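As you go down the protein sequences, you meet chains D and C in turn. Quick note: the first sequence, position 23, residue 23 per my numbering, numbers continuous. Quick note: the second sequence, position 117, residue 117 per my numbering, numbers continuous.
Among the hints, erroneous ones may be present.
Unchecked claim - List time: in silico SDA-like cross-link candidates among lysine to any residue, alpha-carbon distance up to 25 Å: (1) D:314 with C:53; (2) D:190 with D:252; (3) C:67 with C:128; (4) C:13 with C:53; (5) D:314 with C:24; (6) D:384 with C:152; (7) C:13 with D:382; (8) C:137 with D:52; (9) D:384 with C:9; (10) C:140 with D:379; (11) D:384 with C:155; (12) C:140 with D:55.
Hints are computed from structural coordinates only; laboratory data are not their basis. A quick note: this is a predicted structure, and the numbers were derived from the prediction, not measured.
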Amino acid sequence: MSKRLEDRIARQVAQIPRSGIRDFFELVQGRDDVISLGVGEPDFAAPWHIREAAIYALERGQTSYTSNLGLLSLRRSISRYIESHCGVAYDPAREVLVTVGVSEALDLACRALLDPGDEVIYHTPCYVSYSPSIVMAYGVAVSVETRVEDEFVLKAEDVAAAITPRTKMLMLNFPTNPTGAVEPVEELEKIAALAVEHDLIVITDEIYSELTYADEDQGQTPRAHVSIASMPGMRERTILLHGFSKAHAMTGFRLGYACAPQVLTEAMMKIHQYSMLCAPIMSQLAAVEALENGAPEVERMRRAYAQRRNLLLKRFGEMGMPCFPPGGAFYAFPDVRKFGLSSQDFALRLLEEESVAVVPGSAFGEAGEGCVRACYATGMDQLKIALERIGNFVSRLPS
Amino acid sequence: MEPLLELLQQNAKLTASELADRLGQDETSIAQRIAEMEREKVILGYHGVIDRDKAGNHNVAALIEVKLTPEREGGFDRLAERIARFDQVSSCYLMSGGYDLAVFVEGEDLREVARFVTEKLSTLDGVLSTATHFQLKVYKQSGFLAGAETEPERLAVTP
Ligand SMILES: Cc1ncc(COP(=O)(O)O)c(C=O)c1O
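Next up, chain D with everything else stripped away, as it sits in the complex:
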């Protein structure tokens, strides 16, 4: 008698629960009347000059493998960009690894650093891959909750309370998916000090770092991004992850990168070279174009998101939906508790009754319960209709 196939799945994989996002996706799929605020990517196609660079690469027959680390020209561009954007210099020859999205970089970082039983602190609600990436690398995922009352700021004291002798790594993501929270610099400094004190490795996923808005709320010009990697004692213990999916609207190109001290990139590269070999060359060439000439388009898209964010926050205010002004990314994370529904039920009923998709906060960890994620990377016309429908929906709920 052969074993059931279900019993052949590795324990490490079998124990990972189904993604709440996938469950919800299946409900939405096949309905064509739905306006979706449930996505996690820009509504813009990649800017034309970037698409054109990819086409040009194909026309010239650039269809080969590249160095395992990625094209040197791209690593040079990345190094220059990160130095100006994050204030940290990385050697393009040894300290930059080009990956298939931040997704792969995250997986590599976990696998390269974790031994079975090592604890990794991460903050929730968070991007859905964090805990599974840790678990699949045999680590122990230790969640630190952020709260709507704090506008989802990660409190250094909460991090401190979660640190044990087994803690090896701290995983950060600001601006945060799904909350849109941006960590205040003072708090980030305290967290950096903790990392130094307890000798932790920090993985910082800064994929949304170009998309911030808070300063404009005060009528100021946007402040420069502050990366934890630039803080005292941090460079030597930080893996900085970034990519092209969000700010450059290049999700389908599948391109990201990790910047870290050579010993760490080298260890990540060991896995990458055998499992992936290299990232696709046409995506890499398109990414060079994005970094060298893409800033105006990034700013154009950022301003479009800012306008949608303004509209969304205003309408939420008018309909009595509590929502803190998210400082970055393209998500709002309104608090739906006062309507007396779980985040799952709120999202389900909104979908059923008004054909608008938002993602239940619980899909991003227990700490997301009570909120829903509404993505405003959606065309203005659609967004307007969606907000009207949400307004109709909540006006029928007791509050």
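Model the placement of chain C with the ligand on the given structure of chain D, informed by the hints.
Just chain C with the ligand now, kept in the frame of chain D:
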């Protein structure tokens, strides 16, 4: 350029209230600012961008390169302003390079444009030469591609 103007340049149909929503400002101050800019001719006007082929408008359009003799006072201004005033002229720019004025004209047919060039334009004192290029097909106009780009498909729910 101020964000309000950028929005209007993309879509002049936005109402003051829609503009206010997008910019996070109040409707009255937006309306006032627009009125002010109209008065000051920062905003020259508004128009729809129309695909003439689809609209069944078979007018002809041409770009005329014009060389001029500059004048001691005001350079090209007097002549250029005079040319720009003709109804047939839709746009008129002073250019660097091989010629001086780029004059965009529209007429009902080839004969009308030809008549404008030979009778009105070439006969002006100070016009040294003209070269007329007829427009054959529109690919992009005032920032809009002719022929709709297909909407990229996105999954409805993603992480
Ligand atoms: C916080 C965060 N990190 C990483 C990713 C994955 O990015 P990539 O497309 O580079 O794999 C996402 C995508 O939604 C994200 O939100």
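Discussion item. Can you confirm whether the C-alpha distance between residue 190 (chain D) and residue 252 (chain D) stays at or below 25 Å?
Written reply: violated, 36 Å
Worksheet entry | Restraint check for residue 140 (chain C) with residue 55 (chain D), where alpha carbons must lie at most 25 Å apart | Distance ~21 Å between residue 140 (chain C) and residue 55 (chain D) Cα, so the pair holds.
Discussion item. Can you confirm whether the C-alpha distance between residue 137 (chain C) and residue 52 (chain D) stays at or below 25 Å?
Written reply: Answer holds: residue 137 (chain C) to residue 52 (chain D) is near 23 Å, not above 25 Å.
Worksheet item: Taking only the CA atoms, is the gap from residue 13 (chain C) to residue 53 (chain C) under or equal to 25 Å?
Response: Distance of about 23 Å is within 25 Å: holds.
Worksheet item: Are the Cα positions of residue 314 (chain D) and residue 24 (chain C) separated by 25 Å at most?
Response: holds, 8 Å
Discussion item. Against the 25 Å threshold, does the CA-CA distance of residue 384 (chain D) and residue 155 (chain C) hold or violate the hint?
Written reply: holds, 20 Å
Fill in: residue 67 (chain C) paired with residue 128 (chain C) [C-alpha distance capped at 25 Å]
holds, 5 Å
Worksheet item: If you draw a straight line from the CA of residue 314 (chain D) to the CA of residue 53 (chain C), is it 25 Å or shorter?
Response: Violated, at about 41 Å.
Worksheet entry | Agreement of residue 384 (chain D) and residue 152 (chain C) with the hint, judged by alpha carbon distance not exceeding 25 Å | The hint holds at about 20 Å.
Worksheet item: Within a Cα-Cα threshold of 25 Å, do residue 140 (chain C) and residue 379 (chain D) meet the stated pairing?
Response: The given pair, whose Cα atoms are some 22 Å apart, holds under the 25 Å limit.
Fill in: residue 13 (chain C) paired with residue 382 (chain D) [C-alpha distance capped at 25 Å]
holds, 17 Å
Worksheet item: Is the hinted pair residue 384 (chain D) and residue 9 (chain C) satisfied, with a Cα-Cα distance of at most 25 Å?
Response: holds, 20 Å
In summary, the numbered hints that this structure violates are 1, 2.
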